[in-house]
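For the record, the sequence lines run as chains A, B and C.
Going by the working numbering, the first residue of the first sequence is number 8, and it counts up by one from there.
Going by the working numbering, the first residue of the second sequence is number 1140, and it counts up by one from there.
Going by the working numbering, the first residue of the third sequence is number 27, and it counts up by one from there.
Warning: the hint list may mix true and false statements.
Claimed, not checked - Pairs of lysine to any residue residues, derived as SDA-like cross-links and limited to a Cα-Cα distance of at most 25 Å, are as follows:
hint : chain 1 : residue 1 : chain 2 : residue 2
1    : A       : K187      : A       : S144
2    : A       : K118      : C       : P216
3    : B       : K1298     : C       : G249
4    : A       : K139      : C       : S224
5    : B       : K1366     : C       : D265
6    : B       : K1344     : C       : Y195
7    : A       : K139      : C       : S193
8    : A       : K15       : C       : R194
9    : A       : K139      : C       : G249
10   : A       : K139      : C       : Y195
11   : B       : K1366     : B       : G1176
12   : B       : K1344     : C       : Y288
13   : A       : K55       : C       : G192
14   : A       : K15       : A       : A112
15   : B       : K1297     : C       : G249
16   : B       : K1344     : C       : P216
17   : A       : K118      : C       : R211
18   : A       : K352      : A       : G223
19   : B       : K1366     : B       : G1265
Stated by the list, open to error - Chain B stretches covered by chain C per the calculated footprint, using a threshold of three residues with CB under 8 Å from any CB of chain C:
hint : segment
20   : 1280-1291
21   : 1308-1321
Think of the hints as simulated: they come from the structure by calculation, not from any bench.
Note that CB positions come from ideal geometry on N, CA and C, so glycine has one too.
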Amino acid sequence: MTFSVEAKIRDRDFDVQLAVAPGETVAVMGPNGAGKSSLLGVIAGLLKPDSGSAESNGRTLFRLDGGTHRWEPPHRRGTVLLAQEPLLFPHLSALENAAFAPRSAGVPAAKAREVAGQWLAAVDMADLAGRKPGELSGGQAQRVAVARALAADPDLLLLDEPLAALDITSAPLLRRLLKKVLAGRRAIIVTHDVLDALMLADRVVILDAGRIVEAGPVREVLGQPRSRFAAGLSGVNFVTGTLTTSGVRAPDGFEFHGHQDLAAATETGADGVAVFPPSAVSVFLEPAHGSPRNSFPVTVAHLEPHGDQIRVRAAGGHQLAADVTPQATAELGLVPGMRVYFVVKAGAVSVYPA
Amino acid sequence: MKPLAKAAAVVLLLAALTGCGSAGTGVPASGKNDDGGTLTVFAAASLRSTFIELAERFEAKHPGVDVRFSFAGSSDLVSQISQGAPADVFAAADTATMTRLQDAQLTESAPVAFATNTLAIAVPPGNPAEVQSYSDLARPGLKLVACAAQVPCGAAAKKIATETGMALAPVSEENSVTDVLGKVISGEADAGLVYATDIRTAGEKVEGIDFPESAGAVNSYPIAAVKGTPNKAAADAFIALATGAQGRQVLADAGFGQP
Amino acid sequence: MSAIRAARNAGYTGIPRWVLAVAVVAAALIVLPLVAIIARVDWPRFLPLVTSPESLDALGLSLRTSTASTFLCLVLGVPLALVLARSQFRGQRLLRALVLLPLVLPPVVGGLALLYTFGRQGLLGSTLSVLGIQIAFSTAAVVIAQTFVALPFLVVSLEGALRTAGSRYEAVAATLGARPWTVLRRVTLPLVLPGLASGAVLSFARSLGEFGATLTFAGSLQGVTRTLPLEIYLQREADPDAAVALSLVLLLVAVTVVAIAYRSPQRGAA
């Protein structure tokens, strides 16, 4: 039994279809304003789309099409929302917070507290069960929020950037905890952090301007990004254009020579992308010749530290970057505004259809 | 410039506050001679229409004197005069309140009775409860509104009840005849006990029923000059007008009785 | 005076000196009349005056009716504040403005309006009298008048508290499976409890002081409709000393209620 949703919101130009298999965790990523939170809101029943439908385990959550108009309220959906902030009810103790969902489902108080205690133990918060939310740290509160959400035994758990508000020490702890509790559980997690997708999700969906632009297993999407956003996540240079016999021709006329990853011969003229890591790019003051290389003039936009290298970002539409050593930077005398040549071997450029 | 403006604001505020204590109601008691300046008359509310008419006649006879009024409940007026309100003449709706002013040694001359008033029954137009007599007021279920015993019209009603031996059970005991009339006019009350002159003033909005038992409680209106008035002559002239033939005529036209 | 000393002890306050001076004037404007009324109390007669049957009836009636109207304000005001704070509909702004009207309306006007609504010849009065309900000149009329003037206080402070609290907790509670009634009972109301408490206290205080609308609409009869303010107004005619003594009693009751409510606003979740 799967979960599926499709929804259109005209005002926000939002049009998304998504299915989640049982036990699957899907990461939703995308730039700010792409519609990630809208998606969760629609599923949770907090935001009503103009049209669409959703089903969970054969149950209709909503159906808004022409004639039919069904809209289940949030409390009858079995979709629990875990937000960036814990939003623990401030007047209830950690235990009472965790017991909230069972109590709301009509479980007797004693039994509900027992269930709540088990979930608090599962998130290592049993010791602080009696504390009020005001007496908990951010990380502790978020762990209680996780216990509270899981105590509801949701058909689908919705996580809206659950780690974004945590400090650098508590985020890894909670990430590990989420990995444990999300295993075998159906969930959708909205995140900005590629690490969350890698660790917690089976599949990633890239949302941009209200549309799904890319979807697939996390490794595949990051390995062969087909959207600029996904390329940014994996930190590679990303050029779109049309396929040629030896590479991809960008709209501005530049041709990026490379090798086709897929054996399947693709027709030239189709949409394609060229992808190469910044570490494969060298910087020269003169155009470099010799085969088989790509060499193109760029203007240095800015320099920034990147590990033990210096990342050189070029101005222009392709948003190319090159990683060079600090020593080379000094020798070349690189400063923003300088005209230089980016050179990359064809063998380092992956080319595949978009 | 700026600090000066700030200081001025503070001074103004303080002046306004402290000034409240000494300036009183703000009516200037300026006139020095009897044929000029302002004559301030504090009079019971029921005297409004008659006294305004008397003032016109007075000003015609004494050009240069400007008569000003403060109409309110007699009791309120006594309190205000005691607190230093600048009144030249005081006319009360009953002798008890005038006595309070006398006890405070605030009368210049002995009070003179200039009018009387008796109670009458006010009913809404059409008299829906068909009240005909005083005894009808005791009918069970009839909504009667009267004045509280603490105010003159209530004291009069209580006196009649005692003399006739017929106790009334009003649904409300109001502070003033205005409040009683309001409830009769709006139709909330079936009947109200007010002064005959009030019914005359209310015009078409109520119907009046006189009853002989009212003779048992005749209310006397006294008038006196207030102690320390700078317009003693004008004050005496106004009192003479009110107690004289002209005054009686005006008062009689409004429904007041002879003292 | 202690306020001035405290400010000096704290060192820098960031307040221009002239502001402080005006603030003292403002405080004096409120405090001085209270001092003046205490100074005018006829202490030897105080106890007999305030324990007379009339006074005790008025005090008892005031406490009973104010309690009843505060209860009515809660029962009616909480739903109204919820609707105003949480939903959107056409005419909402107009409704909010109208709800606030009794705050700025002269009480006598309020009394007249109530008279023309619930009075014998009023909008609802004729219907009510067919049902055998007569409101005018009854204690119920006092409670209605007090509720009319006090309701805005509850609605305003609760709506403010609801807006400050936001609806995010409610959304989370709903996704956790709580029905709307459960959300209201276990999340919304506990969250806004301080606002609700202060609103109720303000309503009680306003009810206690209600005068104009009661006088116009309910009348004045000992033990039935003559509340403490009406008794004070009446006694002023006959015995100003009694009026002063009763004013002090009213003052003490109001101060006590406000002090109790503001000391422990967080207590007692529903």
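Hints and how they fare:
1. A:K187 to A:S144: holds (21 Å)
2. A:K118 to C:P216: holds (23 Å)
3. B:K1298 to C:G249: Judged against 25 Å, a Cα distance of about 22 Å means the pair holds.
4. A:K139 to C:S224: Holds: A:K139 and C:S224 sit about 23 Å apart, inside 25 Å.
5. B:K1366 to C:D265: holds (23 Å)
6. B:K1344 to C:Y195: violated (59 Å)
7. A:K139 to C:S193: holds (20 Å)
8. A:K15 to C:R194: Holds, because 24 Å separates the two Cα atoms, which is no more than 25 Å.
9. A:K139 to C:G249: The given pair, whose Cα atoms are some 49 Å apart, is violated under the 25 Å limit.
10. A:K139 to C:Y195: holds (15 Å)
11. B:K1366 to B:G1176: holds (18 Å)
12. B:K1344 to C:Y288: Not OK: B:K1344 and C:Y288 at ~50 Å, beyond 25 Å, violated.
13. A:K55 to C:G192: Given pair A:K55, C:G192 holds - Cα atoms ~19 Å apart, limit 25 Å.
14. A:K15 to A:A112: violated (31 Å)
15. B:K1297 to C:G249: holds (19 Å)
16. B:K1344 to C:P216: violated (54 Å)
17. A:K118 to C:R211: holds (21 Å)
18. A:K352 to A:G223: It is violated: about 29 Å lies between the C-alpha atoms, which goes past 25 Å.
19. B:K1366 to B:G1265: Since the Cα atoms of B:K1366 and B:G1265 sit roughly 48 Å apart, the hinted pair is violated (cutoff 25 Å).
20. 1280-1291: n = 5 at 8 Å, threshold three: holds.
21. 1308-1321: It holds, with 8 qualifying residues against the three required.
Checked against the numbered hints listed earlier, the structure breaks hints 6, 9, 12, 14, 16, 18 and 19; every other hint is satisfied.
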